[in-house]
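Number of protein chains: 2
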Amino acid sequence: MATTITDISKKGKTPTGTELNTKGWIQEAALRMLYNNLDPDVAERPEDLVVYGGTGKAARNWEAFDLIVKALKDLEEDETLLVQSGKPVGILPTHKDAPRVLISNSMLVPHWANWKNFRELEAKGLSMYGQMTAGSWIYIGSQGIVQGTYETFAEVARQHFNGTLKGTLNVTAGLGGMGGAQPLAITMNEGVCLAAEVEEWRIRKRLETRYLDKMTHSIEEGIEWALDAKAKGEAISIGVVCNAVDLLQALIDKNITPDTLTDQTSAHDALVGYFPEDMSVEEANVLRQQDPEQYVSRSLDTMAHHVRQMLELQKRGAITFDYGNNLRGQAHDLRGVENAFDFPGFVPAYIRPLFCEGKGPFRWVALSGDPEDIRVTDEVLLELFPENKSLARWIKMAQERIAFQGLPARICWLGQGEREIAGLAFNKLVREGKVKAPIVIGRDHLDTGSVASPNRETEAMKDGSDAIADWPVLNAMINTAGGASWVSLHHGGGVGIGYSIHAGMVIVADGTEEAEIRLKRVLHNDPAMGVLRHLDAGYDIAADTARKHRLNLKDRLNK
Amino acid sequence: MATTITDISKKGKTPTGTELNTKGWIQEAALRMLYNNLDPDVAERPEDLVVYGGTGKAARNWEAFDLIVKALKDLEEDETLLVQSGKPVGILPTHKDAPRVLISNSMLVPHWANWKNFRELEAKGLSMYGQMTAGSWIYIGSQGIVQGTYETFAEVARQHFNGTLKGTLNVTAGLGGMGGAQPLAITMNEGVCLAAEVEEWRIRKRLETRYLDKMTHSIEEGIEWALDAKAKGEAISIGVVCNAVDLLQALIDKNITPDTLTDQTSAHDALVGYFPEDMSVEEANVLRQQDPEQYVSRSLDTMAHHVRQMLELQKRGAITFDYGNNLRGQAHDLRGVENAFDFPGFVPAYIRPLFCEGKGPFRWVALSGDPEDIRVTDEVLLELFPENKSLARWIKMAQERIAFQGLPARICWLGQGEREIAGLAFNKLVREGKVKAPIVIGRDHLDTGSVASPNRETEAMKDGSDAIADWPVLNAMINTAGGASWVSLHHGGGVGIGYSIHAGMVIVADGTEEAEIRLKRVLHNDPAMGVLRHLDAGYDIAADTARKHRLNLKDRLNK
Ligand SMILES: NC(=O)c1ccc[n+]([C@@H]2O[C@H](COP(=O)([O-])OP(=O)(O)OC[C@H]3O[C@@H](n4cnc5c(N)ncnc54)[C@H](O)[C@@H]3O)[C@@H](O)[C@H]2O)c1
Ligand SMILES: NC(=O)c1ccc[n+]([C@@H]2O[C@H](COP(=O)([O-])OP(=O)(O)OC[C@H]3O[C@@H](n4cnc5c(N)ncnc54)[C@H](O)[C@@H]3O)[C@@H](O)[C@H]2O)c1
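Just so you know, the protein sequences line up as chains A and B, in that order. Read left to right, the first sequence gives residues 35 to 593 (the working numbering). Read left to right, the second sequence gives residues 35 to 593 (the working numbering).
Among the clues, some could well be false.
If chains are identical, the list can't say which one is meant, so a pair holds when it fits in one copy or spans any two.
What the hints assert, rightly or not - The list that follows gives simulated cross-link-like pairs (lysine-lysine, DSS-like), each with its CA atoms no further than 25 Å apart:
(1) K288 / K248
(2) K554 / K57
(3) K554 / K130
Worth flagging that the hints you see were computed from the coordinates, not collected in a lab.
Let the sequences and hints guide you as you build the complete structure.
In structure tokens:
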């Protein structure tokens with residue numbers, strides 16, 4: 035079916051308010067979240083059904099979208115809709131405590147699992163790229179990226195600086211689509227951010243949205259501002275229009291050692307994502323056009339230089355880590371920087387310890403459409419976890435700085451135990467009428483027990499189990515068994531076809547007692563899969579978490 | 035952990051009878067079926083936990099086996115045990131209508147999904163090859179192979195000979211592990227089987243087990259016996275000690291056209307599985323040792339000859355098909371037989387039409403251990419489906435000819451609608467005490483809606499969706515949602531790591547009303563996934579089945 039602007043305009047707005055368009059709140063939640071994923075304020079290219087992340091879609095085509103909507107409206111409370119890569123393929127009898135929707139996206143038999151075959155099948159209309167939260171109807175806009183970055187720096191703070199970046203100098207580079215969240219994430223953690231970005235327009239964009247506080251063309255000035263703020267304990271972010279290596283060289287020469295050091299240039303793509311040193315942006319753009327090979331070669335030379343500088347600053351005491359852009363890999367594999375991997379990736383260093391506690395990107399959405407409902411949930415969360423300082427900081431800053439996109443939503447990382455507490459509290463709010471309509475609770479697939487992705491989330495597992503994909507499968511099955519509202523298993527999200535298997539879970543707090551029982555189960559089991567996965571891989575923190583929450587099977591059986 | 039004979043002897047016998055060793059019949063069923071899979075009469079190498087199919091195992095190692103047993107004994111009726119590639123990793127709270135065990139076996143992130151990586155992970159103790167029914171505890175010995183072969187020939191009979199092979203001459207070759215089931219399957223369908231097998235001891239073995247009726251060294255004599263039986267309408271099987279190509283040449287020369295023609299030599303392995311023409315078995319064995327390259331080359335030459343003969347006989351009117359041994363592929367790819375694929379594979383030709391009706395390898399096991407219980411179920415089945423002649427023929431012959439291995443079991447192919455009827459009837463038998471203990475109902479993963487395997491079950495799908503693996507995932511999820519007793523998702527069964535994704539389902543008929551509700555749901559939904567999968571791919575038979583059983587989503591929504 036051709037995709038035309040008529041189709042999208044036909045779709046209409048996301049339903050909000052307290053009236054049902056379906057036969058129950060769970061079906062209604064799925065309907066609203068599907069619409070929300072394709073809201074023009076949320077989706078990247080709603081006219082093509084593309085939500086985010088390349089071609090991550092919410093439905094296979096407009097015909098499939100229409101059919102899903104019809105099916106959700108017709109679906110009884112003891113039936114389940116099956117969605118095969120964005121196309122509804124059947125409704126089968128189940129029961130009230132079963133999911134209302136089951137989704138499998140982009141799954142291929144492994145030997146055929148590459149982009150070429152996938153694109154062919156997609157072109158034949160047989161599949162769809164579901165990314166993570168696009169095809170599982172729980173994307174909530176860019177709040178997720180800010181929060182993920184915030185959480186990484188919060189963990190840096192916890193591990194090295196007593197829980198706050200106050201009084202620390204945090205140096206990075208790259209203020210693009212994802213990297214642009216760094217300055218905000220760092221100031222939210224009370225630190226000073228000094229970021230090199232070679233393209234001025236990128237910095238201006240971050241200033242406009244208030245993700246960044248100040249800009250300068252002078253490296254000298256930038257460093258001065260930063261040291262001043264650090265000394266005063268002020269949370270400020272500074273963008274310097276320059277190449278990353280020039281900023282780092284100035285720090286090395288002046289004998290200034292940042293407290294933390296990372297990088298989010300798009301080093302994974304040497305031609306399009308990274309700028310070589312000793313040339314202007316204009317010169318680089320010309321060279322890229324005229325002599326791509328030469329460009330790539332100069333890019334890689336600069337990356338090698340860049341990594342050596344980072345290693346030097348690490349030696350001088352900077353907490354240094356790779357932010358998933360393959361900078362280390364490029365320098366190591368293509369420029370022979372043998373010790374490039376002496377600084378760690380951000381997942382093993384900062385995300386995995388959180389995963390070991392069952393922590394991950396918990397999020398919720400107010401189906402009423404009323405931002406006030408989220409404010410109410412924010413308050414409840416602050417009351418529930420008074421000891422969680424980074425959570426409190428996040429919620430307060432998010433209320434001030436994060437604009438809602440589509441249905442009002444909030445994201446924050448919660449761990450084993452915390453998730454069920456939050457879910458039950460939200461259900462109580464709905465029951466008591468303190469929020470206007472049910473709350474949808476979900477998470478990214480990039481979570482503790484729901485993803486196998488050897489180049490990212492499961493990189494360098496302690497026991498070498500990076501490529502084992504049983505865990506996301508068990509996660510999808512236990513959430514189905516527990517009675518999540520909709521459950522999905524996807525292939526290829528985040529890192530592309532062939533490189534990951536991951537599961538999604540969404541559960542609706544509609545205020546009923548049945549929902550309470552399901553929430554207790556599902557929000558216990560879902561992170562528990564992650565604790566068990568990391569326990570099995572030999573992580574001590576996971577062993578502690580398992581002990582605390584009585585998850586260890588051997589302990590139970592040896593009683 | 036080392037695998038020693040002490041371990042297996044420690045295991046003990048499969049529990050039988052009416053006393054529980056666990057806290058409920060579902061847990062008990064899982065326990066008994068796990069034991070049964072490793073019964074010395076059932077498993078190929080129980081001491082290594084290998085059940086069948088290369089290294090298809092029931093548990094990762096003896097430590098894991100012990101822990102599963104302990105866990106099943108401790109498991110409450112509202113909890114679920116998680117098994118990751120043969121190792122129990124946790125027990126989580128669910129509810130009575132959820133599966134008691136969820137299993138994921140051998141799943142790998144696709145880019146890493148090959149034997150090399152798998153074997154490395156296996157060696158590290160991190161994974162296990164689950165095959166299909168080995169790691170999902172529903173293997174029942176060689177009855178499955180006989181029945182699958184029987185069903186193929188029954189479908190041949192239905193499509194071409196009015197439902198019976200009576201009065202037909204069916205020619206094949208290869209009477210090895212699987213191929214040895216052919217003579218029995220053909221005579222059970224009332225036809226004459228004339229099979230070439232080069233190794234005399236293989237034929238003797240089949241005579242001993244009564245899978246084969248007669249043997250001769252003379253091709254002349256074999257053909258004479260066969261034509262005589264065909265004329266008289268007698269069901270007889272004849273093994274001729276000769277190379278397949280010599281038998282086919284004789285038929286061509288004598289202008290005798292078989293009614294059906296296939297082959298089950300192990301042509302997929304040119305060195306070990308196939309004998310070249312113009313040499314004795316002894317000469318071949320010497321050549322294989324001394325000059326393997328030469329052996330393979332001569333093998334391939336013979337295969338080319340073999341395929342050309344089959345094409346010639348097909349031209350003369352023989353219903354000719356490939357039986358999944360890659361004979362066509364070898365002749366085509368390595369000896370340039372351009373038209374090798376002019377005769378079809380057995381799945382697209384004979385199995386897929388059954389899949390389109392939701393038919394597949396339904397099986398059940400008497401937990402009492404008493405063969406009489408199976409006899410009772412056999413009778414019930416005959417009463418339930420009096421119009422199904424091939425079913426009746428199978429049951430009667432199976433009662434006479436098939437020896438039970440381990441717990442008494444029966445297999446027969448049932449379709450959409452039939453499976454729920456059978457399941458409910460068995461539950462009634464349990465409730466009314468007409469059988470001594472609950473009945474376990476399951477199936478092979480090689481089923482209509484549960485497997486994606488482009489080189490076998492999903493070869494040459496009408497819409498090109500061979501490699502799409504969403505279907506087995508949805509199958510596992512809907513069976514989990516419906517309340518099957520245990521559910522599994524596996525990778526690599528049948529065709530090896532990288533080449534398939536498939537799901538398993540087992541449900542216990544314990545006589546309760548709750549079980550009745552679950553049986554009705556699960557035995558409806560499980561084959562329905564297959565009907566929907568084939569409907570989506572454009573098969574007319576599936577469209578008819580969907581209409582008959584009200585499975586078509588568009589029909590429902592356009593009401
Ligand atoms: N693994 C993860 O979860 C994760 C999370 C966030 C980001 N990343 C990675 O981070 C990288 C950035 O992502 P993005 O979406 O922000 O990319 P982007 O392409 O939108 O932005 C990259 C920015 O870097 C700037 N840049 C390039 N070379 C530079 C140099 N030498 N000096 C200074 N600035 C330079 C560019 O001008 C651009 O603004 C990507 O490689 C991405 O994969 C990974
Ligand atoms: N796709 C399926 O579901 C399916 C089902 C059954 C069998 N198969 C295939 O069928 C083949 C046979 O399986 P098996 O387990 O019986 O194998 P096997 O190796 O046990 O037996 C093969 C037999 O063929 C005989 N043989 C070899 N070359 C011969 C020749 N030129 N002439 C006469 N006899 C010859 C051998 O002596 C041996 O007895 C395999 O390739 C298997 O993969 C596939």
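Ascending list of hint numbers which this structure does not respect: none
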